[in-house]
Amino acid sequence: MGKLTRTGFITVLVMVALAVLPPMFLWSGQAFYMDLATRLVILAIAAVSLNLILGFGGLVSFGHAAFIGLGAYAAGIPSYHATWGGFEAIATYNGLFQIALAVGISALYALVTGAIALRTKGVYFIMITMAFGQMAYYFFLSLDIYGGDDGLTIDVRSELPGINLDNPLSLYLLAYVSLVVAMVIKFLIVNSRFGMVLQGAKGNPERMVTLGYNIYLYRLVAYVISGAMAGYAGFLLGNFTTFISPDMLDWTRSGELMFMVILGGAATIVGPVLGASVFILLEEILSSYTIFWQLPFGLMLIGVVLFIRGGLMGFFKGKGD
Amino acid sequence: MDYTLLFVQVLNGVQLGLLLFLVASGLTLVFGILDFVNLAHGSIYMVGAFIGASLTFYLGNFLLAVLIALPITGLVGYAIERLVARNLYDKDHLDHVLGTFGLILVLNTSAHLIWGPEGIAVPLPAWLDGQVELFEGAVIPTYRLLIIATGLGVAAGLFWLVNYTRLGMLIRAGASNRTMVSALGIDIQSLFALVFALGAMLAGLAGMLISPITEASIGMGGQIIITTFVVIIVGGIGSMKGAFIAAILIGLIDTLGRAFLGDLFELVMNADAAQTAAPAVSAMMIYILMAAVLAVRPQGLFPPKVR
Numbered sequence: 001m002g003k004l005t006r007t008g009f010i011t012v013l014v015m016v017a018l019a020v021l022p023p024m025f026l027w028s029g030q031a032f033y034m035d036l037a038t039r040l041v042i043l044a045i046a047a048v049s050l051n052l053i054l055g056f057g058g059l060v061s062f063g064h065a066a067f068i069g070l071g072a073y074a075a076g077i078p079s080y081h082a083t084w085g086g087f088e089a090i091a092t093y094n095g096l097f098q099i100a101l102a103v104g105i106s107a108l109y110a111l112v113t114g115a116i117a118l119r120t121k122g123v124y125f126i127m128i129t130m131a132f133g134q135m136a137y138y139f140f141l142s143l144d145i146y147g148g149d150d151g152l153t154i155d156v157r158s159e160l161p162g163i164n165l166d167n168p169l170s171l172y173l174l175a176y177v178s179l180v181v182a183m184v185i186k187f188l189i190v191n192s193r194f195g196m197v198l199q200g201a202k203g204n205p206e207r208m209v210t211l212g213y214n215i216y217l218y219r220l221v222a223y224v225i226s227g228a229m230a231g232y233a234g235f236l237l238g239n240f241t242t243f244i245s246p247d248m249l250d251w252t253r254s255g256e257l258m259f260m261v262i263l264g265g266a267a268t269i270v271g272p273v274l275g276a277s278v279f280i281l282l283e284e285i286l287s288s289y290t291i292f293w294q295l296p297f298g299l300m301l302i303g304v305v306l307f308i309r310g311g312l313m314g315f316f317k318g319k320g321d
Numbered sequence: 001m002d003y004t005l006l007f008v009q010v011l012n013g014v015q016l017g018l019l020l021f022l023v024a025s026g027l028t029l030v031f032g033i034l035d036f037v038n039l040a041h042g043s044i045y046m047v048g049a050f051i052g053a054s055l056t057f058y059l060g061n062f063l064l065a066v067l068i069a070l071p072i073t074g075l076v077g078y079a080i081e082r083l084v085a086r087n088l089y090d091k092d093h094l095d096h097v098l099g100t101f102g103l104i105l106v107l108n109t110s111a112h113l114i115w116g117p118e119g120i121a122v123p124l125p126a127w128l129d130g131q132v133e134l135f136e137g138a139v140i141p142t143y144r145l146l147i148i149a150t151g152l153g154v155a156a157g158l159f160w161l162v163n164y165t166r167l168g169m170l171i172r173a174g175a176s177n178r179t180m181v182s183a184l185g186i187d188i189q190s191l192f193a194l195v196f197a198l199g200a201m202l203a204g205l206a207g208m209l210i211s212p213i214t215e216a217s218i219g220m221g222g223q224i225i226i227t228t229f230v231v232i233i234v235g236g237i238g239s240m241k242g243a244f245i246a247a248i249l250i251g252l253i254d255t256l257g258r259a260f261l262g263d264l265f266e267l268v269m270n271a272d273a274a275q276t277a278a279p280a281v282s283a284m285m286i287y288i289l290m291a292a293v294l295a296v297r298p299q300g301l302f303p304p305k306v307r
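Sequence order for the protein chains is A and B. When the letters of the first sequence are read in order and numbered with this note's numbering, they come out as residues 1 to 321. When the letters of the second sequence are read in order and numbered with this note's numbering, they come out as residues 1 to 307.
Just so you know, not all the hints are guaranteed correct.
Stated by the list, open to error - Only part of the chain B face toward chain A is listed, based on derived beta-carbon distances under 7 Å:
| # | residue |
| --- | --- |
| 1 | Leu6 |
| 2 | Gln9 |
| 3 | Ala283 |
| 4 | Ala295 |
As the list claims (entries may be wrong) - Residues from chain B that keep clear of chain A, each with C-beta distances beyond 12 Å, as calculated:
| # | residue |
| --- | --- |
| 5 | Val230 |
| 6 | Pro279 |
| 7 | Ala280 |
Note that these hints are calculated values from the structure, not bench results. No residue lacks a Cβ here, since even glycine has one placed at the ideal position from N, Cα and C.
Chain A on its own, in the form it takes in the complex (with noise of 0.2 Å):
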């Protein structure tokens, strides 16, 4: 163990204020803050996890919300059949049987539609992840026992044991702890003999093929993961809307995880919370000065593109790191 790297010391900086500023926002009675806080963890979450492939699997993925949209509706049906009948076999308020049923599904999906889209490559790649992604939007838009367009309010959240999720602090704490759990986990898997394979398929795909690797496996499973881990922060925000509609599945919500993880810095660990804090923040700002704030919005998500390499973190990054 040498010198905290300055990677490190922002992640450390990151991590300890999202630990420590939501919970005073509350004890300080700035309740609007910790929501804030709240949606900006779980998104992180879900930024964590398309960075997996889109950073380091370099695979630009541009269907992500429909796994947390699958997530959120994994935890809203058997809510919504446990308080109006029907349905016995998912009906149930159990967190847990939810939780799995979220990341059972969103693996599911992605292993479907990965096994499909992966054959393909490049710009192909990028409009069938959003065509698949738009496919679960329109699905979730036709199912009219749901709610359809108008959209599914979850009556009771989900029942942890040992967590009350009404209490928002419970909720914030088992949304950051996830967070946090998320990281290691990409972490271990970038760090392991798949992780390196993965990035280096990114690399020179040829040269993973050569040396024996079947890379459309490695790049499946990957995805898999992914997607399993999206559908985990699709249920944490569908317990923290408790209110669930076809809108969070559509592309344009992919399209702004996608530039969360970019802003951030992809292929870093803390990057995709970086760059979720700093768009939550912004979108914040700019939203309480004008309700045209998507225009000073766009015209910097083109400046980051056109200016800035490697994101955020990529402006950080010390020589050392």
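Following the hints, position chain B against chain A.
Chain B alone, transformed into the frame defined by chain A:
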């Protein structure tokens, strides 16, 4: 089976397909020659619709408005190429996607600023607003026939332009080898700008044509762009012929699926289940088609020979 209804729905499907082709042709043209992914193409379609709508109210004549709105939309496309797109060509696809995603926010919010949050319904001249009875029982709105005629005309014009003119020759050459075309003394930058503006005009035309049926609205671009992507993926990205065939195919499948899938399902399940399942399945049909095509041919039905 009601064959008259089937005939009317087939025409509706062809009409949707031709509109999709207008949007897809510009996208596939730009991608073919510039290797540039333009998410904001749908927003240009929206801008075209709004400009057309404004001019219709200003001039009081829909067709005249379309004729004037076309070059204006082309200019908007030219400006976008100059200011944003040109700086992105050298970067990778991820940057294209993010940059044009930013462009969508800018264009949509600008439209909101200029035209307000509500959609604009576009009135048709009286002679287009009626219906025609093609044969016993088959009543078609006149305007839909105009859309079909325009779509076919533009498709033929594009086919001629790309295959039989000097500009088309340059476009095809640019798609095969940009560096070589530029080395032969062609001003490739101007060619790029021209192709981009042409693509913008085609998307704008589609927007103007659809707005009397739906209306010009801010969300319209985001809806059509994904379907357009499905079209050019199925057709093979960069292929004009592929875009045309896939557009008609997808227009037909989408329209016929929505119209008849419920009845089809009722043959094998009870009416309640059929009416619940049919909308969900028909909404996903074009994506299922896309998945099926890709499972067999990952490069689409008609991949261009180069790339």
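Right, here's what the structure says about each hint:
A hinted interface residue such as Leu6 (chain B) counts as satisfied when its beta carbon comes closer than 7 Å to some beta carbon of chain A; here the least separation is about 23 Å, so the hint is violated. Violation of the interface hint for Gln9 (chain B) is found here, the shortest Cβ-Cβ separation to chain A being roughly 19 Å, above the 7 Å cut-off. Taking 7 Å as the C-beta contact cut-off toward chain A, the hint placing Ala283 (chain B) at the interface holds, the least distance being around 4 Å. The beta carbon of Ala295 (chain B) is positioned within 7 Å of a beta carbon in chain A (closest approach about 6 Å), and the interface hint is therefore held.
Annotated as non-interface, Val230 (chain B) brings its C-beta within 12 Å of a C-beta of chain A; the closest such distance is 5 Å. Its beta-carbon lying about 4 Å from the closest one in chain A, Pro279 (chain B) breaks the requirement of being farther than 12 Å from that chain. The Cβ of Ala280 (chain B) sits about 4 Å from the closest Cβ of chain A, inside the 12 Å cut-off, so the non-interface label is violated.
Checked against the numbered hints above, the structure breaks hints 1, 2, 5, 6, 7 and satisfies the rest.
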